[in-house]
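Asks: So the chains spell out like this:
Number of protein chains: 6
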Amino acid sequence: MKEFTHLDEKGRARMVDVTEKDITLRQAVAQGTVVMQPETFQKIVTGGMKKGDVLGVAKVAGIMGAKQTAELIPMCHPLNITNVEITFNPVEEKHCIEIEAQVKVEGKTGVEMEALTAVAVAALTIYDMCKAVDREIVITDIRLVEKKGGKSGHFVRGG
Amino acid sequence: MKEFTHLDEKGRARMVDVTEKDITLRQAVAQGTVVMQPETFQKIVTGGMKKGDVLGVAKVAGIMGAKQTAELIPMCHPLNITNVEITFNPVEEKHCIEIEAQVKVEGKTGVEMEALTAVAVAALTIYDMCKAVDREIVITDIRLVEKKGGKSGHFVRGG
Amino acid sequence: MKEFTHLDEKGRARMVDVTEKDITLRQAVAQGTVVMQPETFQKIVTGGMKKGDVLGVAKVAGIMGAKQTAELIPMCHPLNITNVEITFNPVEEKHCIEIEAQVKVEGKTGVEMEALTAVAVAALTIYDMCKAVDREIVITDIRLVEKKGGKSGHFVRGG
Amino acid sequence: MKEFTHLDEKGRARMVDVTEKDITLRQAVAQGTVVMQPETFQKIVTGGMKKGDVLGVAKVAGIMGAKQTAELIPMCHPLNITNVEITFNPVEEKHCIEIEAQVKVEGKTGVEMEALTAVAVAALTIYDMCKAVDREIVITDIRLVEKKGGKSGHFVRGG
Amino acid sequence: MKEFTHLDEKGRARMVDVTEKDITLRQAVAQGTVVMQPETFQKIVTGGMKKGDVLGVAKVAGIMGAKQTAELIPMCHPLNITNVEITFNPVEEKHCIEIEAQVKVEGKTGVEMEALTAVAVAALTIYDMCKAVDREIVITDIRLVEKKGGKSGHFVRGG
Amino acid sequence: MKEFTHLDEKGRARMVDVTEKDITLRQAVAQGTVVMQPETFQKIVTGGMKKGDVLGVAKVAGIMGAKQTAELIPMCHPLNITNVEITFNPVEEKHCIEIEAQVKVEGKTGVEMEALTAVAVAALTIYDMCKAVDREIVITDIRLVEKKGGKSGHFVRGG
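Protein chains in written order, with the numbering used here: chain A, 1 to 159; chain B, 1 to 159; chain C, 1 to 159; chain D, 1 to 159; chain E, 1 to 159; chain F, 1 to 159.
Possibly wrong hints are sitting among the right ones.
Which copy? The list can't say, so a pair holds if one copy fits it or any two copies do.
[To be verified] Cut-off 30 Å, straight-line C-alpha distance, at most; resulting in silico cross-link-like pairs (DSS-like, lysine-lysine): (1) K108 - K148; (2) K148 - K21; (3) K21 - K151.
These are calculated hints, taken from the structure and not from any lab test.
Between the sequences and the hints, there should be enough to build the whole structure, so can you do that?
Replies: Laid out in structure tokens, this is it:
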């Protein structure tokens, strides 16, 4: 097993030095799921209100959240991300919203934290916008799905 | 079922007006879990490195994340939170870290989003600090556990 | 004419000391206008895309912008605003979008800068989302419309 | 007329993917105007206080505002801008201050939003510093004046 | 000697819970000094450039820095500060600039970190604006000078 | 003596235009010292609490502070720093903690402000975590120690 790169030889936390890394195209895809009561799901997806507005706000929040990753996660490097894409997949039978975020950059380090942060912030925003009707919402299964570019190669979850 | 308070009569997103609400003591407790490979768990909890450093950084990140909630979640009100407490419960048989955040404020609106954001940011930080050795980490079961204060009364999950 | 309260006796900039002011309900309403080409206006309001999405994103941006006022405007006091409401009025014959923001707080100082900032950020966001089709968009007439609460009394523009 | 690049085929908002764009020198110039009462203008420009201090603070605010553009405007890409220049042109006969901001970057996307944001924040700061004596100030005519670099070529307003 | 309130019984860092504290007027005064070469000092204070501009920018930066204290210092509580005052005392014989910051709030916890942060950011800004001519500048003696309000009473340094 | 590059010909503050500068590897090392009472020093370094926790939090704060430099210091350029390293050297006989920060970037301008800001924020955090037991702590001797890369060459303090 490899060593934790965020911890120096004395176990102190540290930022990984990426100065010598190559600038390459790097992409990451993360997913997560927001599970809610069936009535809440209906209200979000097909209810009496304008379809999709909860998801519209969650999308904006997720994109903006990706841009704040380096301010939230202590050891993350600031990056000029060149794209964030967030898509929602409402699954009626499980009354949940699946969230997927894809982030790209041309840089010295990858963007998996940006993709995961985008998913987390979009999920928290869905919770926030529905909490007045449903306090039992659960945010679950936030995970990396795919990662390309850089020395560590192409990662596909379960692949 | 109550109406979504974040959506006006035309379905447009809006901030809830809390101007007329009373200033009372409000508390919220949220939890979440970070599941990892057994080797990763051992490295975090009892490994060759200084015990607890990953969790030490995650704790700081979670506390600072709680303070940024209103900048991350579009419809959240800025609040002068008076306490954030984050505790970690490592569960060896499930090789996971359970995270609990408690937030308090004396204000016009509750702090459940702050508690949930603290959990999410702490979880993302654990992921970030371990990702060099384990890309299959999953952040799961982020949820509100308890909420006190304000008009909506005392909520206990599953209670 | 009153003296500039942001400048001390030597002309140096300073924050106004509001420590001794009363905590009262304070509200402010600001407006502004985004003027564009007729085709751009049609695309925003009735075009082939989902109606209102440009305005949906602009609304979120304006609300979030209001919360960042004290970080943008050097001498502004941080405030826990309790409501931000943003409405858009598309005026077809002038192919412009009128923006109105209302902000409320219970505090020691007013929220006119928050209302004006909300309008400015919403307007800049409309520009950003349409700039690929129209670089001649103009943001104009950003002004305070009404202000209530506090020692300076009730201000109504042109009233 | 070109399509809105910020909206996908379903009308959902999205960030434009600039990953494949070339890194080139990009510049943008924006302008705006702050119109006030003649007495306010005199106080700013030639009054009893140190000349130019309102403008000094507004300049700092505008430069710092340009650096926060990607945190304010949802679909903007973060950029390492290499220069922001803000100049003020006081026009006595119209008792207004004209503001011009020029921003430069070597990057994959342009800086017109940064230039427009710099103008807007500088204008809001002038308002803030003068509002105790003049609540009728109007911020007007915020617009792009020139843009160079990148695929879309050289834009000159009215040119 | 009292116990460190920021460390729980196991030595883990924590935020101090100020929920039960009284809301009172709290003030703090901090000072610090920026020592430079005599030529640099002359350039700042009496040189060929507009007198005081370096200090003008440093003042704005210090005030804005005070407002960001809770985002910089992990265990600090967010506070709605009601005043920040920064004054500079140029001392020719020691070719240094003394900085003093006074911060006020009506709240549940004190503002000494805000006053110290204001001094530090103002000092760093002076360094930044002069570094092209003097890389040997030293920022020194940042310390609390006075503190009033709250349970811990009136502190005067060396008093 | 060279001219202040942050001031234009009229003495107005300005950002330095680094657009035309080369992208090279740039490094900076800064230091500073936090002096405290002997009992406070003992508590931090060898006391009854877990060794090093104050320094653990200060390290995280310093790293995150370096990433916020361009938001704190008005004329600083935003940079994608590739490494921040913070080390603490406790000096028992002087009951002080010496702080050293090294920052790296591959960019058009140097990172001395990032290194100095990292030191300042780490020092302020040590103060914050110990202030309940020691209000006489002094932050002192914050200075640039070494700087490499870019046109101005290799600077070594006192070298």
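Asks: Enumerate the violated hints, using their earlier numbering and listing them in ascending order.
Replies: Of the numbered hints, all hold.
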